[in-house]
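Protein chains: 2
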Amino acid sequence: MSSYKVTYFDITALAEPIRFLLSYLNIDFEDFRFDKEQWPSIKPTMPFGKVPVVEIDGKVLNQSTAICRYLSKKAGLAGSDDWESMLIDIAVDNVHDLRQAIASYKYDPLEESKKTKYEPLIKETIPFYMDKFEKIVGENNGYFVNGKLTWADLFFVAILDYLNFMAEIDLLEGRPNMQALKKKVLAVPQIKTWVEKRPTRNP
Amino acid sequence: MSSYKVTYFDITALAEPIRFLLSYLNIDFEDFRFDKEQWPSIKPTMPFGKVPVVEIDGKVLNQSTAICRYLSKKAGLAGSDDWESMLIDIAVDNVHDLRQAIASYKYDPLEESKKTKYEPLIKETIPFYMDKFEKIVGENNGYFVNGKLTWADLFFVAILDYLNFMAEIDLLEGRPNMQALKKKVLAVPQIKTWVEKRPTRNP
Chain F
1 MSSYKVTYFD ITALAEPIRF LLSYLNIDFE DFRFDKEQWP SIKPTMPFGK
51 VPVVEIDGKV LNQSTAICRY LSKKAGLAGS DDWESMLIDI AVDNVHDLRQ
101 AIASYKYDPL EESKKTKYEP LIKETIPFYM DKFEKIVGEN NGYFVNGKLT
151 WADLFFVAIL DYLNFMAEID LLEGRPNMQA LKKKVLAVPQ IKTWVEKRPT
201 RNP
Chain E
1 MSSYKVTYFD ITALAEPIRF LLSYLNIDFE DFRFDKEQWP SIKPTMPFGK
51 VPVVEIDGKV LNQSTAICRY LSKKAGLAGS DDWESMLIDI AVDNVHDLRQ
101 AIASYKYDPL EESKKTKYEP LIKETIPFYM DKFEKIVGEN NGYFVNGKLT
151 WADLFFVAIL DYLNFMAEID LLEGRPNMQA LKKKVLAVPQ IKTWVEKRPT
201 RNP
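Those sequence lines, one after another, are chains F and E.
Heads up, the first sequence is in the UniProt record's numbering, so the first residue is 1 and it goes up one at a time.
Heads up, the second sequence is in the UniProt record's numbering, so the first residue is 1 and it goes up one at a time.
Treat the hints with care, since some could be wrong.
Intra- or inter-copy, both count: the list cannot distinguish identical chains.
As the list claims (entries may be wrong) - The list that follows gives simulated cross-link-like pairs (lysine-lysine, DSS-like), each with its CA atoms no further than 30 Å apart:
1) K43 - K106
2) K197 - K148
3) K184 - K114
4) K74 - K148
5) K135 - K59
6) K74 - K183
7) K135 - K5
8) K115 - K183
Think of the hints as simulated: they come from the structure by calculation, not from any bench.
Make the full structure from the sequences, and use the hints.
Right under this line is the structure:
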C-alpha cells in the first residue's frame, strides 16, 4: 500500500481539496501541519519553495491541482471520457480564477491599493463568478459538470471556507444551488467523517 | 471531422500552446484574432469574460490549460499512465507559476509598485524557476518529464516568447538544456510549419 504525507500550513486553503480526495478514497495519510514560524526553515526544502506538497511513496510532489487530478482518477471522479475530464478541468480552473482574484485583494502588500480592490471584488468579480457557478450548477442537476459528482464539486467545497475567509463574506448567500451542492458534498460519508475529525483551526 | 476555432488577441501568449497542439495534431483551425479595440465588445460574449476561448464543434470552451490537456491526450503527449500525466501537469503548473510571477510585475497598474518588483523578479524569481527547469530537463534526457516529448515541452516553448516579452530578458540565456529543448520542439515538423506560417506580430 502506498504512503501519503500532506505538508501544509495549519489551514484548509489549497491543501484541503487534497485532504478531501484522500479521505474520499479512504486513504490514511499523514496530515503534517506546521506553524508560520517554521515556514522559513521548511521553504528551502520544498521542490519549488511552495506548499502544499504531497509525498507519495517517498516522492515529493508539488502543485496541488495536478495531485488532485491524479487522486480523482483513482476515485472515479475525473470524468468518464476525455471531453468530460476537460469540462471538469475547466470548472476547477474557473474556481482558481475566482480564488486568485480574491487573493489579489487579500494579499496585496500595499494598504492603499488593497483598499481600492475591495469594492470591485465584492460588487463585481465575486457576483460575476458566483452567479455563473450558480447557473451552471442549476443547469447540471446540482453539480458542476454533467449532473454527477466530480472532483470539481469536491474541490470547490473544500476550498470554500478559505474563499469566504479571504473575501470576508459568505459566497453562497442567496445562491441556493451552490448551498445545496455544499450540503451534498459534505454529506458524502467519507467527507463528513473527515470534516468532523479534522483540526478545527480555520480556514 | 470536428471544427476548431481559437479566439484570442493577435498575440501568442496563452493561445499559442493551443495553436501548437492543434498544429501538432494536423488539425485545421480557424485562428480568429481581434484587436484590442474590439475587446470591450467581445468580452461580454465570452463564457467567463476572458480569452483564449476555443470553439469545438460549436461548443465554446474557456480555460486554455484544460483545453491543452484535452488536445494533448489526442496527440499522445499526455503521458502513458496516470502518474506520468500528473508529472506533466505539475511541470505545466510550475511554468504557470513562473508566468504569473512575471505577469504580476508586467501588469502591475501602480508604477511605483511595479518598479520595486523588477529587481527581485530578475535576480531571484526567474533564476529560481529557470535554474530548476534547466536542472530538471538536464536530468530527463532533454525534456521536462521522463525523457520524452510531452505537452509540457510544447507548452513551455509555445509560451516562451511571451515570457521573454513580459520579463524583458531572454530566459534561456546561459541555460543550454533549455535552449536545446526549444530547438527540439521548434524542429518538430508540424510545429516548424506552424511557426513559419503564423502571423508575425509578436509575442
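- Should K197 paired with K148 be assigned to within, between, both, or neither, using CA atoms and 30 Å as the limit? Cα proximity of K197 and K148: one copy only (26 Å, versus 43 Å across).
- When no copy is named, should K135 and K5 be tagged within, between, both, or neither for a Cα gap of at most 30 Å? Only across copies: K135 and K5 sit 25 Å apart there, 37 Å inside one copy, limit 30 Å.
- Alpha-carbon proximity context of K74 and K148, limit 30 Å: both (17 Å within a copy, 25 Å between copies)
- Item | Intra/inter-copy verdict for K135 and K59 if alpha-carbon distance must be at most 30 Å | Answer is between: at 17 Å across copies they meet the 30 Å cutoff, but 40 Å inside does not.
- Task: With 30 Å as the alpha-carbon cut-off, assign the pair K43 and K106 to within, between, both or neither.
- Result: both (21 Å within a copy, 26 Å between copies)
- Message: Treating 30 Å as the Cα threshold, decide for K184 and K114: within, between, both or neither.
- Response: neither (35 Å within a copy, 44 Å between copies)
- Item | 30 Å Cα threshold - placement of K183 relative to K115 | neither (33 Å within a copy, 46 Å between copies)
- Item | Within, between, both or neither, where K74 and K183 count as close if Cα-Cα is 30 Å or less | within (23 Å within a copy, 36 Å between copies)
Consistency with the previously given hints fails for numbers 3, 8, ordered from lowest to highest.
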